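One-letter residues, chain by chain:
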Amino acid sequence: MAPLLEIIDLRASVGDKPILKGVDLVVNRGEVHAIMGPNGSGKSTLVQAISGHPAYTITGGSIRFDGVDIGEIPPEERAQAGIFLAFQYPVEIPGVTNAYFLRAAYNEMRKARGLEEMDPIDFIDLLEEKLKLVEWGPEIMRRAVNAGFSGGEKKRNEILQMAVLEPKLALLDETDSGLDIDALRIVAKGVNALKRPDNAYVVVTHYQRLLDHIIPDIVHVLADGQLIKTGGKELAFELEARGYEWLTGTPERV
Amino acid sequence: MIEHYLREYEVAAADGGATAPGWFRSLQADAIELFRASGFPGPKDEEWRFTPIAPLVRATFRPAGSATPVGLTDLEPFLFGRLDWPRLVLVDGRFSPELSQLPSIAGLAIANLASVVKSGDGDLASDLAEASGRTVTPFASLNAALGMDGTVLRLASDSVMEEPVHLVHVTTPGSDGTVTHPRLLVVIGERARAQVIESYVGLGSEGCYWTNVVCDVRLSRGAWVEHTRIQRESESAYHTGVTEIRQEADSHYRSFSFAIGGAIARHDLRSRLGGSGAEALLYGLYFGRGDQLVDNHTTIFHDQPDCRSWEVYKGILTDRAHGVFNGKIIVQPIAQKTDAKQTNRALLLSDTAKIDTKPQLEIFADDVKCTHGATVGNLDPLARFYLTSRGIPDRVAGELLTYAFAAEVLNEISAEPVRTVLDRLIHGRLASDRLEAHDAR
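Chains as they are written, first to last, in our numbering: chain Y, 242 to 495; chain D, 47 to 487.
Don't read these hints as lab results, they were simulated from the structure.
Warning: the hint list may mix true and false statements.
Said to hold, decoys possible - DEER-style ranges, computed between Cβ atoms: (1) D:LYS383 x Y:ALA353: 42 to 48 Å; (2) Y:GLY389 x D:PRO123: 22 to 28 Å; (3) D:ASN457 x Y:TRP487: 34 to 40 Å; (4) D:ARG128 x Y:LYS352: 35 to 41 Å; (5) D:PHE410 x Y:GLU333: 33 to 39 Å; (6) D:GLY336 x Y:GLY389: 46 to 52 Å; (7) D:ASP413 x Y:PRO315: 28 to 34 Å; (8) D:GLY220 x Y:GLU370: 37 to 43 Å; (9) Y:SER418 x D:ASN457: 30 to 36 Å; (10) Y:GLY312 x D:GLU122: 49 to 55 Å.
Please read these numbers as outputs of a predicted model, since none were measured by experiment.
Quick reminder that beta carbons are idealized off the backbone N, C-alpha and C, glycines included.
Assemble the whole structure, with the sequences as input and the hints as a guide.
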């Protein structure tokens, strides 16, 4: 069976500025990968490029998902194929309720798989179970998507969406940033509960803190658009203790 | 072509006008003289600079003739709530007793203007005279000179209307080349509460006719009014309207102005806060496609201290549609502690759609809080990506974000049945725009 995600020599830029300069990465089902690295190294770009963010141009290499080259397909089809990006900065959409948004997304996924749309009543049942996971009551569904949400609420909402959409590959982009310890616990709990042998996670983080809660199988260090080191979870501890300078050779920009 | 309308006036005055009382005929005579003096506004007129109305001015509209028969079933899609809710219906400018539903409600007096003129309501003469004394546009003068019917609604002090009253203006198919001049007068007594819906509907989808309306709303001390104005004329029609609101102390006025029809549609809304503690909330939502021109001019007069105004207008324009928004706020020296906020936002969904937007704050008091903000742009690409990254197709994402943009204003309508109908109307409009865009591809 082909790896779930196979990235070969990926190069991407914003405008004329190269950000990713040849990234190779293989993620198999059942694995949790952490991507760490200094600020500006290209961590967010990598996961955004995988999910099809229009700001980035792929200038070389390839991204294969489930054995299919997805480099040219639009973001919605990548999502329908099973890729989910938990945003670092989830977007506020005043005027659309969480309930409407989630059901619309869920039904698009079903349609893409040739299934009937789920009616609102059945969807409420499904939601009830997912809401428990992030320790929320149903009232959150009547609020507009992320509008006026605290930083922690926005991240929890990302995890809720992930729980509903059940992706094969979840990309968590700095999901720990701006979280207090309680929100961090809830987010990590959600992620761990959704872990299955047939799905995988790529967790982007600057700090080791999140990795106390979501234990990675493999840790990569990204610096200046390239993966410069790969190791086990102990690599995260080493980075926490020593910083990135011993690997990158340059003091980190803060 | 003002001569055409001057002649129409002469004919009407010589003809049916003879049966109207003297005071009414003299108001009409004054109004036509004002119109003769002003003529139609031209491109050099500051208030009309961005609003090319040449096609309307060049045409010569005749008075609407005998109406095509309209039944309740034709009307139903345009009504709200229950069929027994009060409504007054004008078909092609004339009162239709068959279609109207005028239950007797304590404190409410509602009748069509022509019958009130004839029967001689004691206050009508002075109310209309006062209104024509401050005529704001040549179109309002023309309305006063040629108008034949409309609505007079009075609600007595301390009366509370539980249900909205709907003033429906229908133009029938086959009314091409005709004009109606509805005249509305709404007077709400002290501490009384009313919801008024004002609708303009073209029953034929392609009719090229003209509606030229003037509406006066007066709120006595402590009165509460929610006024919803729904302009859904045919997209080949012309619509010019003036709404003049006068508020006494501690009154609360909330307006929602919705415009989706008309080849050229212009609405002037003028709100005068004439007593301390008065509050005006003005919401607007307009749509333009094809070559539609949608113009909203609003003026809020802060004449007295401690008044509050809050204004949000939003437009959604595509194809070659042209939007105009002009928002004046005038704060008099005496009007200290004024709190005024104006927001106008336009969504341009095509490269050829455009908006001329102009906030105009004239502040002569020093202890006030006045802000305004305007944004013009396309849908946020990041929000679009957010939705598509959840599996929602790009065109659906665009539609959803457009809807969301509108919904923020729509949600301000407190009458649920009205909100539901407009919600459906907006969804329909966005879906048909999408289909057309698809066909064009």
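28 to 34 Å as the expected CB spacing between PRO315 of chain Y and ASP413 of chain D, which holds or is violated: Since ASP413 of chain D and PRO315 of chain Y have Cβ atoms about 55 Å apart, the given range 28 to 34 Å is violated.
Satisfaction of the hinted span 35 to 41 Å by the C-beta atoms belonging to ARG128 of chain D and LYS352 of chain Y: 37 Å, holds
Verdict for PHE410 of chain D, GLU333 of chain Y (Cβ pair) under range 33 to 39 Å: 38 Å, holds
Status of the given 37 to 43 Å range, CB of GLU370 of chain Y versus CB of GLY220 of chain D: 59 Å, violated
Outcome for the supplied range 22 to 28 Å, where the beta carbon pair is GLY389 of chain Y and PRO123 of chain D: 36 Å, violated
LYS383 of chain D paired with ALA353 of chain Y, Cβ distance criterion 42 to 48 Å: 57 Å, violated
Pairwise beta carbon distance, ASN457 of chain D to TRP487 of chain Y, judged against the given window 34 to 40 Å: 55 Å, violated
Range hint 46 to 52 Å (beta carbons of GLY336 of chain D and GLY389 of chain Y) holds or violated: 37 Å Cβ-Cβ, so the 46 to 52 Å window is violated.
Cβ separation of GLY312 of chain Y and GLU122 of chain D, checked against the hinted range 49 to 55 Å: Distance hint for GLY312 of chain Y, GLU122 of chain D holds at roughly 54 Å.
Satisfaction of the hinted span 30 to 36 Å by the C-beta atoms belonging to SER418 of chain Y and ASN457 of chain D: 32 Å, holds
Consistency with the previously given hints fails for numbers 1, 2, 3, 6, 7 and 8, ordered from lowest to highest.
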